[in-house]
Amino acid sequence: MAIRIVLAGEGGQGVQVIANILAESANAEGKEVIYIPNFGVEQRGGVSIAFVQIDDKRIGSPKFPKADIVVALSNRAVNRTRQYVDKRTTFIYDNSLVAAAEIDEHAMGIQAVEADPRSQRPTELVDEGKVKDQVQLPDNAANIIGIPANDIAKNELHPRVFNIIILGTLLKATAVVPLDRIKEAIEEKLGGKFEKNPELRDLNYKALDKGMSLVERVD
Amino acid sequence: MRVVEAFVGEYASGKSENAINRSLELLSQNQKVTLVDLDTVEPFYTLRPLKKALQEMGLNVIAWSPEQTMGLGEAGSLLNPEMIWALKNEGSIVLDIGYGVHGAKIFNLIEGADTDPNLQVYAVVSIARPMTATKEDIVRYIKDLGNVDGLINNTHLGSETTPDVIEEGAWVITEAARELGLPVMYTAVCQELADKFANTDKMGNPIKIIRRFMPQAFW
Amino acid sequence: MSEKPVKGERRVFMTGNEVCAWAALAAEADIMYGYPITPQTDIMQYWTRLGPKFGRKFLQTEDEISAGFTTVGGVIAGKRAFSATTGPGNTLFQEPMSMAEMMRIPTVVIIPQRGGPSTATVIYSQQEVTMTTFGGNGEGFRIVYSTAGHQDLYDYTIKAFNTAWKYRFPTFVLGDGYQAKMREPLTIYDPAERGIKMVETEPLVGLPGTPGVDRPAQYLRNTYNTEEELYDVVMDIAKDYEKAAPEIIEWQDFDTDTEMDVLILAHGVVSRSAQGALPLLKDEGIRAGHFRPITLRPMPEEQMRRAAAKAKRILVVESAYGQFLKLVKQSLYGMDKPIDTLLRPGVGVTAEEIVDRIKEGR
Amino acid sequence: MTREEIALAPNMPKCWNPETKPHKFCPGCGHGLALKMLGEAIDELGIQDKVVFGCDIGCSLLSWDFFNLDSVQTHHGRTTPVITGIKRARPEIIGIAYMGDGGGYAIGAQHLVNSATRNEKVTAILINNTNYGMTGGQMAPTTLPGQKTETTPYGRDPEETGYPTLGPEMVASIAREGAYVARGSIANLRQLKKYLKKAIQNQIDGNGFSFVEVMSSCPTNWRTNAKETWSFVEKDMAEYFHVGEFRVPGQKEEK
Numbered sequence: 001m002a003i004r005i006v007l008a009g010e011g012g013q014g015v016q017v018i019a020n021i022l023a024e025s026a027n028a029e030g031k032e033v034i035y036i037p038n039f040g041v042e043q044r045g046g047v048s049i050a051f052v053q054i055d056d057k058r059i060g061s062p063k064f065p066k067a068d069i070v071v072a073l074s075n076r077a078v079n080r081t082r083q084y085v086d087k088r089t090t091f092i093y094d095n096s097l098v099a100a101a102e103i104d105e106h107a108m109g110i111q112a113v114e115a116d117p118r119s120q121r122p123t124e125l126v127d128e129g130k131v132k133d134q135v136q137l138p139d140n141a142a143n144i145i146g147i148p149a150n151d152i153a154k155n156e157l158h159p160r161v162f163n164i165i166i167l168g169t170l171l172k173a174t175a176v177v178p179l180d181r182i183k184e185a186i187e188e189k190l191g192g193k194f195e196k197n198p199e200l201r202d203l204n205y206k207a208l209d210k211g212m213s214l215v216e217r218v219d
Numbered sequence: 001m002r003v004v005e006a007f008v009g010e011y012a013s014g015k016s017e018n019a020i021n022r023s024l025e026l027l028s029q030n031q032k033v034t035l036v037d038l039d040t041v042e043p044f045y046t047l048r049p050l051k052k053a054l055q056e057m058g059l060n061v062i063a064w065s066p067e068q069t070m071g072l073g074e075a076g077s078l079l080n081p082e083m084i085w086a087l088k089n090e091g092s093i094v095l096d097i098g099y100g101v102h103g104a105k106i107f108n109l110i111e112g113a114d115t116d117p118n119l120q121v122y123a124v125v126s127i128a129r130p131m132t133a134t135k136e137d138i139v140r141y142i143k144d145l146g147n148v149d150g151l152i153n154n155t156h157l158g159s160e161t162t163p164d165v166i167e168e169g170a171w172v173i174t175e176a177a178r179e180l181g182l183p184v185m186y187t188a189v190c191q192e193l194a195d196k197f198a199n200t201d202k203m204g205n206p207i208k209i210i211r212r213f214m215p216q217a218f219w
Numbered sequence: 001m002s003e004k005p006v007k008g009e010r011r012v013f014m015t016g017n018e019v020c021a022w023a024a025l026a027a028e029a030d031i032m033y034g035y036p037i038t039p040q041t042d043i044m045q046y047w048t049r050l051g052p053k054f055g056r057k058f059l060q061t062e063d064e065i066s067a068g069f070t071t072v073g074g075v076i077a078g079k080r081a082f083s084a085t086t087g088p089g090n091t092l093f094q095e096p097m098s099m100a101e102m103m104r105i106p107t108v109v110i111i112p113q114r115g116g117p118s119t120a121t122v123i124y125s126q127q128e129v130t131m132t133t134f135g136g137n138g139e140g141f142r143i144v145y146s147t148a149g150h151q152d153l154y155d156y157t158i159k160a161f162n163t164a165w166k167y168r169f170p171t172f173v174l175g176d177g178y179q180a181k182m183r184e185p186l187t188i189y190d191p192a193e194r195g196i197k198m199v200e201t202e203p204l205v206g207l208p209g210t211p212g213v214d215r216p217a218q219y220l221r222n223t224y225n226t227e228e229e230l231y232d233v234v235m236d237i238a239k240d241y242e243k244a245a246p247e248i249i250e251w252q253d254f255d256t257d258t259e260m261d262v263l264i265l266a267h268g269v270v271s272r273s274a275q276g277a278l279p280l281l282k283d284e285g286i287r288a289g290h291f292r293p294i295t296l297r298p299m300p301e302e303q304m305r306r307a308a309a310k311a312k313r314i315l316v317v318e319s320a321y322g323q324f325l326k327l328v329k330q331s332l333y334g335m336d337k338p339i340d341t342l343l344r345p346g347v348g349v350t351a352e353e354i355v356d357r358i359k360e361g362r
Numbered sequence: 001m002t003r004e005e006i007a008l009a010p011n012m013p014k015c016w017n018p019e020t021k022p023h024k025f026c027p028g029c030g031h032g033l034a035l036k037m038l039g040e041a042i043d044e045l046g047i048q049d050k051v052v053f054g055c056d057i058g059c060s061l062l063s064w065d066f067f068n069l070d071s072v073q074t075h076h077g078r079t080t081p082v083i084t085g086i087k088r089a090r091p092e093i094i095g096i097a098y099m100g101d102g103g104g105y106a107i108g109a110q111h112l113v114n115s116a117t118r119n120e121k122v123t124a125i126l127i128n129n130t131n132y133g134m135t136g137g138q139m140a141p142t143t144l145p146g147q148k149t150e151t152t153p154y155g156r157d158p159e160e161t162g163y164p165t166l167g168p169e170m171v172a173s174i175a176r177e178g179a180y181v182a183r184g185s186i187a188n189l190r191q192l193k194k195y196l197k198k199a200i201q202n203q204i205d206g207n208g209f210s211f212v213e214v215m216s217s218c219p220t221n222w223r224t225n226a227k228e229t230w231s232f233v234e235k236d237m238a239e240y241f242h243v244g245e246f247r248v249p250g251q252k253e254e255k
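Residue numbers (the working numbering), protein chains in the order written: chain C, 1 to 219; chain W, 1 to 219; chain X, 1 to 362; chain A, 1 to 255.
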């Protein structure tokens, strides 16, 4: 089964971290994977996009025109990813009422893995006018799922585990890798931090569970 | 009688052509003749490739030969001791000289040039060359050169040369020569047009029929 | 030398740039010279982290001209030296690589192509084909491997050192921004354990003994004075190149054994899309085959012609505006085959787009 | 050259290649003198088997087979990086980069500057003859104000083209502790040889970058006779270019 995923968010929302964990887990599971982090100008404060393909056989083009799952975590991300949506696409977006968490150098959650401090700069460097525009969801998707990940993170858990909620959602929606694999990948990334601060492990796993509870598997 | 003549002039004015022809003329008078290549400025058309052929005709040729310059890159501007001591040769001597920006100062490089009583310097002029197209240009040019004993009309347009072209050159160059108080030594006419001229041009300058060598000398 | 960087075989999941650094380590490269430019920089970053653990060296130069010429220096000193560059850096590399070409200096350079010509379009393209195969003021006596993924990057980076040193021509591994930055699984291995023996290097200067006493001095030059001398040198190199070419060329073909409605010609990462398009075309009832030259220089011309002979039409697909097309036309000269194109400069090409192009052309 | 001629050749340095002598530099050219001092320096240091000699394009390229040393002729301005590449790969080699003022101060200036900055353990020797000799006497970075060349037919105008590059002064201000920087002249060969020896010894000692500029002559393109040539080197050039050591390892910096 081939699955093509596009993940997009503001720099610092931890999009690449999620993609990374997902890709590594799939690889560890013995799947063929291509993961392309978007880079270039967008590295310095635009929408951060990750492209992940997972398949049982060797994957062709690293690029794909339409995705099976698109996850958009900000208004700009919704606009940026619309081009990857068609009638087979499940479109997941954050419908929280609160603004996305600000990430700073003291970020304690999983976002801290994104070592490049440039990705944590303020993101509204381009298209400021458009950013403020009302978000317009794609009208051609197979499913559109809004999840209040930001709200949940802020109110129930911790703002910094916002992206782990998303990872949980994605995991459930795709069922492409088992939960254990994801947990292994998280341990590998953050094991050191968890040792020092065991509460973090709990927090991250709770976020994962929460995310998984927000959706059903998409076929 | 020992003849020592230097042919100087602008790029592509025909100084090498005239120097070779003069050398062969002297040779036909049973003189021992040395032809010296001192074209150091823009040594693209040089005597080098002709050296062997000219030697076979009986000339003593002082010039780099291609095999001597193996691995010397664009070593056109090098002088060797033979060149510097050229005036010490027996018999008549014809020098083909690139003047460059320093004009007559090049004779500083030639041992004995300042004391040789026979040395005559002739400027080869073509009004088909933009820098010497008008009387005023020629006068200025010759004054800048300094140390010139006579002018040679070598006006030509390659294969498009007509008698009228040559006569126009003769007129302009003779006018310039008068202003400079210098003689016009001769008007050079290529072999192909020899039958179109009598002994003198319309200005009364002697005609000299020139055999063309340099087209074979593209370095 | 300390222990081997890669032991046995390992399945790994990494970026293409990381793969190149590991491959150079496994190939026993001694020293890398380079100047940072996206998307090549990570090769240097991994090399500078990994290299010192295995006694390997690195020099960050002042520009790509210097990176090229220091690489030349490292090679003539007898070391397995390499560099990596792309885009405008590749342009600057043409001067030192021209010297390497004429002086038969086996440099290895990895080129993850980027889009352009521009200064910040760093993502992806196949627009450095002409420059890498025939750049510089020379005849293109170079060897260019065009890779289609991470296993290729690993295999051909190792191979590049051997081809370069065996035949003494500057050798390039031509990748692209996707391959550089994307992660995919591959197997890394110790070449020796797969029976791949690294070709011995040899110093061209700094030989043992006193020159002029124990042996003649080495005089390396790239200056010639006469047309004839230059002609002889170039023709000697041409002769060697032509002789080596049949041993160097590599290619892959897919479904080209039978008659085809269309033969897709593509190289590098675009070949993957072409491969992906074949089953889709089959579903549409179109008989399609695909030929992928792995070496763009020298080009497997005969093999390409053989495949082309069985097809009604040719479709050339590339992420450039006709650079590969030019090489194809040269290779297929005289054949009476219509050539269609899908030219997408600086943009990736998907299998679906190839299918659409072929359907549209019918 | 016959054996007899070789025997007659006056004090040819041992590391010179007699097969390629007499050399091809113009009579009166300073390259021959500078290379003689370099040859003697190499002989006296006893390093003929360790040196790799690199020469640039321009008249310096005429030295590509000048020595019985392993030699490489490079592209214009690129001798410093080639020798740097060799030295980095094989630190036991003594790398000497030989170039003209165009190669060092114009087309290859970035290489000179950055090699000095990185304190590369190589020795660069630069011949300053105030013009581009091989191409027939065009303006060089070192051309004196007012000096006529083929590209400054009315004399170099500093307003338009700047003042002569002061190379050793520049390198001395870039290079750090361990570097050796000096300017010698063909007018003082004993001193020049001393500088060249120190510059090579500094590399042998592994201290850092070594750079010697040599004030030299180009009578062919200057169009000067012997007397005028020496006068140009000793008076005209000496007005701009000062002989001396600008940086010596271990010596306190003069402020």
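Among these hints, one or two may not hold up.
[As the list claims (entries may be wrong)] No farther apart than 30 Å at their CA atoms in a straight line, the calculated lysine-lysine pairs in the DSS-like style are these:
no.	chain 1	residue 1	chain 2	residue 2
1	C	Lys-193	C	Lys-210
2	C	Lys-87	X	Lys-243
3	A	Lys-36	W	Lys-52
[What the hints assert, rightly or not] Taking CB as the label site, the calculated pair distances span:
no.	chain 1	residue 1	chain 2	residue 2	range
4	W	Gln-31	X	Tyr-231	57 to 67 Å
5	C	Gln-83	X	Lys-359	17 to 27 Å
6	A	Gly-146	W	Asp-149	38 to 48 Å
7	A	Asp-205	X	Phe-58	38 to 48 Å
8	X	Asp-261	C	Glu-188	31 to 41 Å
9	A	Gln-251	X	Thr-48	48 to 58 Å
10	A	Ile-204	X	Asp-190	50 to 60 Å
11	C	Ala-142	X	Gly-322	52 to 62 Å
12	X	Tyr-231	A	Gly-146	52 to 62 Å
13	A	Ile-204	W	Glu-56	26 to 36 Å
14	X	Lys-312	W	Ser-159	33 to 43 Å
Hints listed in this document are in silico derivations from the structure and should not be mistaken for laboratory results. We put the beta carbon where it would ideally sit given N, CA and C, even for glycine.
For each hint, the structure was consulted:
1. A C-alpha spacing of about 21 Å is found between Lys-193 (chain C) and Lys-210 (chain C), which places the hinted pair at or below 30 Å, so the restraint holds.
2. A threshold of 30 Å between alpha carbons decides the hint, and for Lys-87 (chain C) with Lys-243 (chain X) the separation of about 55 Å lies outside it, so the pair is violated.
3. Note on Lys-36 (chain A) and Lys-52 (chain W): the hinted pairing is violated, with a Cα-Cα distance of about 34 Å set against a maximum of 30 Å.
4. Our hint of 57 to 67 Å for Gln-31 (chain W) and Tyr-231 (chain X) is violated, since their Cβ atoms are close to 39 Å apart.
5. For Gln-83 (chain C) paired with Lys-359 (chain X), a C-beta distance near 22 Å keeps the hint of 17 to 27 Å intact.
6. One distance hint, 38 to 48 Å for the beta-carbon pair Gly-146 (chain A) and Asp-149 (chain W), is violated here, with the actual separation near 30 Å.
7. The hint said 38 to 48 Å for the Cβ distance between Asp-205 (chain A) and Phe-58 (chain X), and at roughly 24 Å that hint is violated.
8. At roughly 49 Å, the beta-carbon separation of Asp-261 (chain X) and Glu-188 (chain C) lies outside the given 31 to 41 Å, and the hint is violated.
9. Distance hint check: the CB atoms of Gln-251 (chain A) and Thr-48 (chain X) are about 34 Å apart, inconsistent with the given range 48 to 58 Å.
10. Taking 50 to 60 Å as the suggested C-beta distance range, the pair Ile-204 (chain A) and Asp-190 (chain X) does not conform, at roughly 39 Å.
11. Distance hint check: the CB atoms of Ala-142 (chain C) and Gly-322 (chain X) are about 39 Å apart, inconsistent with the given range 52 to 62 Å.
12. At about 44 Å, the beta-carbon gap between Tyr-231 (chain X) and Gly-146 (chain A) misses the expected band of 52 to 62 Å.
13. Checked against the hint of 26 to 36 Å, the C-beta distance between Ile-204 (chain A) and Glu-56 (chain W) comes to roughly 54 Å, which is inconsistent with it.
14. At roughly 53 Å, the beta carbons of Lys-312 (chain X) and Ser-159 (chain W) sit outside the given window of 33 to 43 Å.
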